[in-house]
Structures are given as structure tokens and as C-alpha cells.
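J.: Read top to bottom, the protein sequences are chains A and B. Throughout, our numbering is defined as the position within the first sequence, counted from one, plus 14. Throughout, our numbering is defined as the position within the second sequence, counted from one, plus 175.
Simulated from the structure, these hints should not be mistaken for laboratory data. One or more of the hints may lead you astray.
[As the list claims (entries may be wrong)] In silico DSBU-like links for lysine-lysine, alpha-carbon gap of 35 Å or less:
id : chain 1 : residue 1 : chain 2 : residue 2
1  : B       : K256      : A       : K86
2  : B       : K379      : A       : K87
3  : B       : K427      : A       : K87
4  : B       : K238      : B       : K256
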Amino acid sequence: MTFLAWVLLGFLIVCALSVTLTKNLLASVIILMAYSLVMSVIWILLQSPDLAITEAAVGAGITSVLFFVTLKKIHAIDEERKDQDEQKS
Amino acid sequence: MSKKAENWESSWQKKAEDWLRDGSDALDHAMISDMTESPAVPPEDVPETADLFEAKVHEDQVKEEVIYQKLHEHSVTKGRKHIRILYSVLALLTCFIIISSLLHVVLYMPVFGSPESPVVNEVSRRYIEDGLRETGAVNIVAGMILDYRAFDTLGESTVLFIASCAVMILLRRDHRKDGALEKGSLPVDYDIHYEPHYDPILQKSAAFLVPVILLFGIYVVLNGHLSPGGGFSGGAILGAALMLFRMSFGMKSTRRFFTYKTFSTVVFLALLFYASAKSYVFYTGGNGLESHIPLGTPGAILSSGLILPLDICVGAIVSCTMYTFFALFRRGEV
């Protein structure tokens, strides 16, 4: 159990660092989702299932969806795709 | 005041200011001497002609330009360098002070989980020992947030409602009274390009998933006093289900059951019920009257007094707010 907790905590730190270090906005939102998911598992390990449910629903679900919608609104996702297409051609 | 003025020339403030301005005084002197250096034209042979006057003006202009050049060079090279060094040193110092004071405070915090820590006081003991008897909720967390600390939860729900109102004010497309769009606002199908392309995979999977997610959300809301969960998490799950439905089937199909009117009615009624129910409880509790709300047998679905209806209220508020956020972010319309 302790080993699992250490692994998850290490994953959390790696996630938190890589969110700030990735240049791609879409990738950083997806990493934030993974962060929230791992965080909810840690809440269960800390014996607070209430928080785990809320973290999974709000952190991994709704926050990321709102981020995606915002990225679409400011055409960030389209721009990235266009760049990739240009690089390929 | 006079004392300060007397000592100002030799005081350390003056020196510090000089250093900050990087000895601009010396430059000032140089400028003044440059200006006055020019040999005064002897008055006897001043032919009062326009030519000579213009020549003098031109000469002054050149001199001025040289001085400006000097000043510019000075500020670009020497002054800026000093300021940059000072800035980085001060920034490092500030960071170091903040970090060290925070770390110092951490040293005095109680050990995690130690019995002497102030978190373990009579309040939490009371919650754990008497919570089941006083609130009738098997899930002690629900008893805490919807009974002992129900006022907090009312504030949270109100904050969510106000936030959704603010988002509506900012992002909703402007309408005239007859329902037509205002002149300056974008047309309704402006970003129809981003609406779902009626993807069959998404639609089939959503048709299977949405009822299941809705059922799970309702279960979490209704069992808030018996099992982990409650109004907030259940409401978030319900809101996620509504979002998935909207994403896969588009705005027209959600408009059949969810409009601005639904949002305002549901949220208003939920907040009103919450506030009035808790006012009743606070009034009776504060005046030592007997409250006529039965607690029921712990463990049954209809038990623990007001917690179940309040859970439903919070769930309704949260799900409506989450969906409204999403819809307004997406299209500017619910």
C-alpha cells in the first residue's frame, strides 16, 4: 500500500512539472486530467471517498471539458493541427 | 523639515538616490558646462541679422542633440545595467526571505496525525461521536456539510449561482426584446462549424452512456446521507451527463428540455427551499424550540431529516450551473 502511494505521489509530481513544461496546450490539459485522476486515487488511499468522487467528476471531467471548449474558442487546437499539416507537407 | 533639508546633501538617502540614478549629478554638471561653455558672443560685433541668429539656433540644436545622445547612451548602458543588477538582487532576496519564513513556519506545525495537533479537538470528536444520533446520517461527511455546517454549503451554492450569472452576462449573445439578435452581435450559426458533425460513433456511445451516467448521478445524490457522495459530486456527474448529451446531439435536442427558463426556475426554487428550510432549523435551534423534522431510522433512504432534500437542492444547482457554464462557453447560448 505504501509503495503504491509513493508511486502515485511521484506520478503526481511528474504530472505537475510536465503540465508547466509542455508547449502544447492540448497536451497540458490532458496531463492535468491524468493528474486529477491520480489525485482521486490518492484521496481513496487517504480514506476520503467523498472527495475522490468530487475530484474525479470535477477535476478530470468538467474542468478539462471547459478547458477544451476554451481552447477551441480561441482556435488553439486548429492552429496546432494546421502547423502539423504544414510540417508534414 | 529644515533639519532634513540641511542634512539632505550628505545623508545616506541622498547617496542611495544618487547611486540609483547612477551619479546623474555629474552628468547634469557636464550638461550645464556644455551649455555655458560656448563663448559668449561679444556684444559689440553683433550684427543683428537674421543669418547670424539662425546660425546660433542651429548651433544650439546640434548641441542639444549631442546632449540627448549622451543621455540616451548613459541610460541605455550604465544606468540600465545597475538597475538590472539591483532588481535581480532584490528579487532573489525577496524570494529567499519568503521561502525561509514559510519553511520556518512549517517547522512549528504539528506532526501529521499526531494526537496533540489542534485539528483533533472537541469539535471533531463531537461530530464523530454524536453525529449519527444528532443528524441521523450514516455518512458522517454529509451530516457535517449539510447539517452542522449547512450555512457554508448555502454560501457555496450561492457562489455557484452568482458565477453562472456572471458568465451569462459576459458570454450570452445579446437579444432584443422580440428575440432577434442585436445588431453588433455575431449570428447564431457563427461557429456552427464547431458543432458536432453528428458523428455516429459518438452518438451511439452517448445514447448508451448518458442514461447510465444520469442514473449514477441520481444515485449519488439520493444516497448522500448513506454512502460517499452527496449533492455536489452527484450534481457534477449529472452536469457531465448533460454535457455529453449536448456534445453528441447538438443544441436543438437539449433545448427541448433545458432553456434559460429551466435554469432560472430550478436554481431559484432550490436556493429558496434551501434558505427557508435552514432558516426554520436555525430559528428553532437558536430559540430552543422543538423542530418537527423527523430523523427517521439511520440507514433507511428516507431518514436523517433535512439532509436528503438539501442534497437534492444542491445537486440541482450544481448540475444546472455546470451545464450552463459549458453551453455558454460553447455557443453563447443555453
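J.: Between B:K238 and B:K256, is the straight-line Cα distance small enough, at 35 Å or below?
T.: Holds: B:K238 and B:K256 sit about 27 Å apart, inside 35 Å.
J.: Going straight from one Cα to the other, do B:K427 and A:K87 come out at no more than 35 Å?
T.: 20 Å, holds
J.: Given the hinted pair B:K379 and A:K87, is their Cα-Cα distance within 35 Å?
T.: Holds - the C-alpha atoms of A:K87 and B:K379 are around 26 Å apart, at most 35 Å.
J.: Regarding the pair B:K256 and A:K86, is the alpha-carbon distance no greater than 35 Å?
T.: 43 Å, violated
The structure fails hint 1 only (numbered hints given earlier).
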